[in-house]
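A.B. asks: Residues per chain are reported as follows:
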Amino acid sequence: MSTTMIEDPLAGQRPKPIQLNFTKPFWEGAKEKKFLLQYDPKAKKYQFYPRPVSVYTGEREMEWREASGKGTVYSYTLSYKAPPPFKDPKPYIVATIELEEKVRVLTNIINCDTAKLKIGMPVKLAWVKAGDTDYPVFEPA
Amino acid sequence: MAQRDIAIIGYSETPIVLRSGRSQYDLAGEAMAGALKHAGIDKSEIDGMAVSSCFSDAGNPFYGPILSAYLGLELNWCQVTDLGGASASGNVARAVAAIRAGLCETVLVVAADSQSSENKQSIGAFRGEFQYPMGIMGPPGYFALISQRYDHQYGLDAKALGKLAVTQRNHALMNPLACEKLKKPITVDDYLKSPMISDPIRMLDCVMVCDGASAFIVTTTERAKKLGAKKMVHPIGYGERVNYLETDPTPDITDGGHSVAGPKALKQAGMEVKDIQMLQPYDDFLIALVLQMEHMGFCKKGQGCAYVNEHDFSHTGDLPLNTGGGQISAGQAGLAGGAHNLAEAVRQLFGEAGERQVKRRENALVTGIGWIPYGRNWGSSTALILEAAQ
Numbered sequence: 001m002s003t004t005m006i007e008d009p010l011a012g013q014r015p016k017p018i019q020l021n022f023t024k025p026f027w028e029g030a031k032e033k034k035f036l037l038q039y040d041p042k043a044k045k046y047q048f049y050p051r052p053v054s055v056y057t058g059e060r061e062m063e064w065r066e067a068s069g070k071g072t073v074y075s076y077t078l079s080y081k082a083p084p085p086f087k088d089p090k091p092y093i094v095a096t097i098e099l100e101e102k103v104r105v106l107t108n109i110i111n112c113d114t115a116k117l118k119i120g121m122p123v124k125l126a127w128v129k130a131g132d133t134d135y136p137v138f139e140p141a
Numbered sequence: 142m143a144q145r146d147i148a149i150i151g152y153s154e155t156p157i158v159l160r161s162g163r164s165q166y167d168l169a170g171e172a173m174a175g176a177l178k179h180a181g182i183d184k185s186e187i188d189g190m191a192v193s194s195c196f197s198d199a200g201n202p203f204y205g206p207i208l209s210a211y212l213g214l215e216l217n218w219c220q221v222t223d224l225g226g227a228s229a230s231g232n233v234a235r236a237v238a239a240i241r242a243g244l245c246e247t248v249l250v251v252a253a254d255s256q257s258s259e260n261k262q263s264i265g266a267f268r269g270e271f272q273y274p275m276g277i278m279g280p281p282g283y284f285a286l287i288s289q290r291y292d293h294q295y296g297l298d299a300k301a302l303g304k305l306a307v308t309q310r311n312h313a314l315m316n317p318l319a320c321e322k323l324k325k326p327i328t329v330d331d332y333l334k335s336p337m338i339s340d341p342i343r344m345l346d347c348v349m350v351c352d353g354a355s356a357f358i359v360t361t362t363e364r365a366k367k368l369g370a371k372k373m374v375h376p377i378g379y380g381e382r383v384n385y386l387e388t389d390p391t392p393d394i395t396d397g398g399h400s401v402a403g404p405k406a407l408k409q410a411g412m413e414v415k416d417i418q419m420l421q422p423y424d425d426f427l428i429a430l431v432l433q434m435e436h437m438g439f440c441k442k443g444q445g446c447a448y449v450n451e452h453d454f455s456h457t458g459d460l461p462l463n464t465g466g467g468q469i470s471a472g473q474a475g476l477a478g479g480a481h482n483l484a485e486a487v488r489q490l491f492g493e494a495g496e497r498q499v500k501r502r503e504n505a506l507v508t509g510i511g512w513i514p515y516g517r518n519w520g521s522s523t524a525l526i527l528e529a530a531q
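Chains as they are written, first to last, in our numbering: chain A, 1 to 141; chain B, 142 to 531.
Note that these hints are calculated values from the structure, not bench results. Since the model is a prediction, treat every value here as computed from it, not as a measurement. For glycine and all other residues, C-beta sits at the position ideal for the given N, C-alpha and C. A hint or two may mislead.
Said to hold, decoys possible - Covered stretches of chain B, going by a simulated chain A footprint (3 or more residues, C-beta under 8 Å):
#1 148–161
#2 348–358
#3 432–441
Stated by the list, open to error - DSS-like, lysine-lysine: derived pairs with alpha carbons at most 30 Å apart:
#4 A:Lys118 / B:Lys441
#5 A:Lys16 / A:Lys42
#6 B:Lys304 / A:Lys81
Kindly produce the complete structure, drawing on both the sequences and the hints.
C.D. replies: Written out as structure tokens, the structure is:
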């Protein structure tokens, strides 16, 4: 397999996240480069993406806790096409990352050598801009 | 125990056309008129309607009542179902339930969409925040993540997928309603060489979005006999699962809701997998066929590709599959696409499939798939078992 270094083909093209009222703490955290997860103290489990209730108990008593930013690749794809508003980017990596906190994040992997890209690869949090908003992606650890 | 008190007595499917420029109302009208004619009943018999939501009129909060007004229907029960590609099979089950509950007696189940002409979808929710900014290529991207994981866990045999592509294409070549653009023979090699969209999803893994509609007349078996129905198909088993392993934050994404919906439908029908004579499964991507066979118990997990290699899915084979071409080779009429698989099952059970007619036509298993949750397998799964009346 040929080796290609994929930095961030989507840079400058990402649309601004359309935020909902109850996810505000996540985006406030993002401003400080903190990846916040909802934590249900009763179920003792995390959840991501943010929900209006705990998916475990249906209750609303949840904490926001900062994730370690460490995880591994659960699955990935090298995508050759992108939906609007992206305009003909070079091939880019979309991946499902399993965080240490046992939740999964759908994201991009940037600064990655395709020869090293595989399921189980350790990754760490990185930040890019989506519009003017700080947006979490991952890169090889 | 399987009940045979409800029957489908007529159906119709429009040609599947790329960018027809037609409204879904026009397509639905054509499908209803065809189904009434096919059933040989008067429009005044219809007192219930179940319609699939569509992309082409997605912003309309009064779609059901407006569509029924366009069709000149006065209803005692009106339902819009938004299970995506699972809506058509889901609506047969909803019609059965509504009729049994005494809400209505004769239901028009209809699905129409002109997504390739006009797409008004605006989903928002978590997608607006956590999906759109990272550029996943929609359903091909999601199915790529599922496929990659499947390959990691079990090994993915691209040639087996190619075999399914060729089988379905051969069926589409015999289907006068299939999209003209897709009516070209293909080989396994064509499949393997088709361009990567989102690795390992190739162009020929995917559906092409088109326009089209299907309609079905569902009533009681008793009423059907009074109306002089010559042919009947009974829905005898149904299973549905909306969201699967939703409270498991790290699920196995090669598993899916048909592992609940499939066995439930079979149990209700009093059948086992080996009793199924033909498969008309929802096919937005070829890998979905393999996964559904595994989930519903046609083979063990991870054995789907081997199962594909061991069976002949052509209309003359041991387990005919998507004999109308499936959506992948006949075209996907937007969110009405799932009704193509259903229409083909009813057509085959009525013995009206022409040169692609299967020999053993006592029953068929139809499935539906709808919506893709965040980083998981598909969210809505339906399984419907139909039986030809003796």
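A.B. asks: Which earlier hints can't be squared with this structure?
C.D. replies: 1, 2, 3 and 5
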